[in-house]
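Numbering that gives the first Met the number 0 applies: residue 0 is where the first sequence begins, and numbers increase by one.
Honestly, the hints are just simulated from the structure, not real lab data. Don't take every hint at face value.
[As the list claims (entries may be wrong)] The calculated lysine-lysine pairs, modelled on PhoX-like cross-linking and capped at a C-alpha distance of 20 Å, are:
{"no.": "1", "residue 1": "57", "residue 2": "99"}
{"no.": "2", "residue 1": "137", "residue 2": "25"}
{"no.": "3", "residue 1": "98", "residue 2": "19"}
{"no.": "4", "residue 1": "137", "residue 2": "98"}
{"no.": "5", "residue 1": "80", "residue 2": "11"}
{"no.": "6", "residue 1": "225", "residue 2": "259"}
{"no.": "7", "residue 1": "102", "residue 2": "133"}
{"no.": "8", "residue 1": "25", "residue 2": "57"}
{"no.": "9", "residue 1": "57", "residue 2": "80"}
{"no.": "10", "residue 1": "319", "residue 2": "548"}
{"no.": "11", "residue 1": "191", "residue 2": "244"}
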Amino acid sequence: MNKKKIIQVLEKIAILMELKGENGFKVSAYRKAAQALELDSRSLAEIDDITSIKGIGKGTGSVITELLEKGTSSELEELQKEVPEGLVKLLKVQGLGGKKIAKLHAELGIDSAESLQDALQNGKVAELDGFGAKTVQKLIKELEAFGEKRERQPIWVMEKIVHMIEHILGTISEIESYSVAGSYRRTKETSKDLDFVVATENPEDVKKKLLEELPVNEVIAAGPTKVSVTLGYDEEIDVDFRLVKPESYTSTLHHFTGSKDHHIVLRKIAKDQGKKISEYGVEQSDGSITYFDSEASFYAHFNLPFFPPAVRENGQEFEKQSELDSLLTLEDMVSDLHMHSTWSDGAHSIREMVQAAIELNYTHMVITDHSQFLKVANGLTVERLKAQAEEIHAIRKEFPEIHLLHGTEMDILPDGTLDFPDDVLAELDFVIASIHSSFTQSQDKIMKRLETAMKNPYVHMIAHPTGRIIGEREGYNPDVPQLIEWAAKYGKILELNANPYRLDLATEYLIQAQERGVPIAINTDAHSVEQLSFMDVGVRYSQKAWLHKENVVNTWDLKRFLTYIQRK
DNA sequence: GCCGTTTTCGGCCCGACTGTTTTCAGTCG
């Protein structure tokens, strides 16, 4: 019985207890125990006394012990006898929680979405205490749409919607300030819904305008401070707006940025200081309310450093406070090492890309168009690559304020060879190798391809190492720990591709790469001037892996970078 | 169910909104 299995059992027990209508604190005790186990970095063998872990006591401890000894849990088996499996997915229905589901099961024998549907239709549900006509109508509607909505939307879907909403918020004159909050602001790869915080003295008018301007499919709730709607863009997306007075804006933004676990730890700290945090401000021991004009001053009020939204996750960030200064900010980035121009499939000329990079105050940059294999992207042949070298040479003279390097994003071919011979690569400043084809090959074959690139002395970096597209495809399934080992051995850079479609490598691998001492490059892979702004997403995502500036090559000054990429 | 350097009992982060109630429970984040 491994740790993951045990965590799953604890979570399953929590779910089944919830469905039984158990005391909510008891349910969350099981969730907390599962989380405590997950956050403890030790293996099970290394833990002597399981109940010495905070959050695991007598009850949850005995469940774990039983699992370790017998491989089963009598607690779980009991619950499974009492609670039908079909109820589990009813928890996902909006408006249904443990209490109501328990009642439906106890009084009407409901055990699945289907039997609930029947009971709703034939009027049985409406007869129950606490269930009225409106609830029944809402549930009928919810069940119809059940299973159709994608549960979580990838960050690149959300990004477009966020921009559209921000545009609308910007046109409403009664709004003093606004920001997206929630898991999107924490740069999660996927989000269930979107949260916006809006500061205004005139919530009624703002509410009215929001409901007019937005493509609203359905209004879920519309109170004086909260408006919840389902928007219909390409997909249905739930969006919450919080309308608050300007003085509360910072507190509310912080509150709705989360995460829940971050708040739980922070509120405990506040409590110990005799203060109470709410979404409107901080209540002092004398009952007065303190307001803040920035999140930095909010944290400082508790003698804490500023935590960037991306690290506000499981509460453990408080133990890593001393590392916060080492995390990247956008200002630390002095270069972008992976971008395309009109020579291959980019939308802008080299000159335009250079001008845009100068605007971003970069000291150096690399043009890395595709290689000949990638015909769909108009990949460069050796001849065109040489012609491009001449153009780059000329442009360099025009823009002395930035150091322009000539590179390539060279394909690693399906047969495991590289798209350019060594003598061509030797002429280039910076060589990226990447896989764009035959994703379905066995892991063995994929790793052979990557090994070829890793061993080639002219290759500097592997781009988007797994080929994943968030929420769409898994990629080509390389053995990433092995890849990290090779990178360490052969002195190669691994990329964090900042395109929100990719964010590749993912957090867990970035952590491993940093531990192994492998340098990371955060690059936009921009195919247009606008896409150079993906750097911001990449930097925020890197914070989730606690990447240190020192380990990210884009923070290195030109001299250090050039020394590093010099052929040995 | 878990926790505790004022606590071994009584809290557990805290508040909004809805719907069904006549003062509040359930759900949600």
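Here's how the hints hold up against the structure:
1. 57 <-> 99: 29 Å, violated
2. 137 <-> 25: 29 Å, violated
3. 98 <-> 19: 7 Å, holds
4. 137 <-> 98: 17 Å, holds
5. 80 <-> 11: Holds, at about 13 Å.
6. 225 <-> 259: With a Cα-Cα distance of about 19 Å, the restraint between residue 225 and residue 259 holds, given a limit of 20 Å.
7. 102 <-> 133: Satisfied, since the Cα-Cα distance of roughly 17 Å is no more than 20 Å.
8. 25 <-> 57: Judged against 20 Å, a Cα distance of about 13 Å means the pair holds.
9. 57 <-> 80: 23 Å, violated
10. 319 <-> 548: 16 Å, holds
11. 191 <-> 244: Violated, because 26 Å separates the two Cα atoms, which is more than 20 Å.
Checked against the numbered hints above, the structure breaks hints 1, 2, 9, 11 and satisfies the rest.
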